[in-house]
Amino acid sequence: MGKFIMPSLGSQMIEAKLIQWHVKPGDTVKKGDIIGEIDTEKGLIDIEVFEDGVISKLVAKEGEVIPVGSVMAVINGEGKTEKVTAKPAETPKESAKNVPGNGKQKVASKKQVAKSKEVPLHRIKASPLARRVTEDLGVDISKVKSSGKTGTIHRKDVEAYVQQQTADETFEKELDMAEHISKAEGKSMRQSIAAAMSQSNKEIPHYYLEIEIDMKAALDWLSNENQNRSVQERLLPPMMLIKAVANALTEVPQLNGFWTDETMHIEEGIHVGFAIALRQGGLVIPAILNADLKSLDEIRGDFVNMVSRAREGHLRSREISSATITITSLGERGAEKVYGVIYPPQVALIGLGKITDRPRAVDGSIGIRPTLSVVLAGDHRATDGHTGSRFLEKLNNQLQHPESL
Amino acid sequence: MNSSDINTVIRKHLQRVAPEADLDSLNPEDELGPVLDIDSMDFYTMMVGISEDLRVEIPEQEYGNLRTLKNIREFLRKSV
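In order, the protein sequences belong to chains A and B. Quick note: the first sequence uses this note's numbering, first residue 12, plus one each step. Quick note: the second sequence uses this note's numbering, first residue 253, plus one each step.
Since the hints were derived computationally from the structure, they do not count as laboratory data. Backbone N, C-alpha and C define an ideal beta-carbon position, used for all residues, glycine too. Fair warning: there could be bad hints in the mix.
Among the chain A residues that face chain B by a calculated CB cut under 7 Å, a handful are [stated by the list, open to error]:
1) H33
2) G312
3) N316
4) V318
5) L341
6) E343
Each pair of labels, with its calculated beta carbon distance range [claimed, not checked]:
7) A:K68 with B:S331: 30 to 36 Å
8) A:H397 with B:P271: 45 to 51 Å
9) A:T367 with B:N279: 47 to 53 Å
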């Protein structure tokens, strides 16, 4: 049994209004299905489900304002239950405690109580290594679930449990922080940006590094590639830049992740957020998930699709809350460089200027080349200039060899 | 397809990317980007829409020239 909770789409979010459900009790859902739409300070967002199962109950009502972390729906998992993104379901003990004296619910609670009945420690099947690890980490082994068929707990199960606990704690902290920051009233997008940027400027010691990248090779390759493509399939510079950033991050992963609890947490997945300005003002930062593993064409598809959904207000919850790094680009007009503000808890932001023709030294003489200014904003708590500089060098290399992107 | 049909399609897609824009006050020689504050993605979306509606292919080398209403109209008149 899984509980679908109001997701947190950033540390500043405390609640959102449920606009509508796209499912009803009894519907079968698969991981990734869009089950409803919420109105947040980031605009209208489609919410996705993170496990396979059958909707058993819709707790939240359409039109209701729901705090982050509150149960919105109950989903009966099929077989193994996958971890729900934010907060997992309550432990059986807690839910038993919360059940009011209502006949129907009592039956359910009885079942859960039976399941949570304590098992004597010696009856728990666990490998010696797993037992040792639980002792070392001070983990109660009876709470760890086995992922194997035999029910034996292995070291990886203990580690998965600890990881989940840590994630829960981080989530609780975010909730606390959000409660401090905001009053119960829903916030506008402007206020949400204000809060995040103020927090960033207050807490993050930014360092800035800048590089001018010769874009001739990249743009020539792009234009050549586009000759054979219909307008629907055409590649645009931002798609290529997203891919180049993702590839460079595989070589310098220190910039990909979060600074939380005074520690850098490097993320394995490279989810490149891309700031999209909205016509009505404000911006949203959806992420292209696992951009390093995607082909340029897959990134193209995701990008086109995401930009149009961002502007129509149909981004998905996962896209808006997953970025591990952000790119901001002011497009092809106006400013030539952008010194960005890092979106916490991320540790780097890449500012792309406009590509303009500038004089450059090329092979011993001066040539006019299309040039892109890239400004990296780094969190000096997490990394030093050396790392940032290495990243920019790798990014430049990627763009000098566009054919291998 | 006549000029007025072409204009209708251009208008429809311009309106989609810049809903609040007053297209009547637009000068045919205005650069659409700065005047309507549309970026390269908006422009791309518009071109895809026009190309699908009019079943016309927009070659890469033409793409950069289509920055004003006048140029877009002329190109479409030739190509449709």
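Violations among the numbered hints: Hint check: 1, 2, 3, 5, 7 and 9 fail, others pass.
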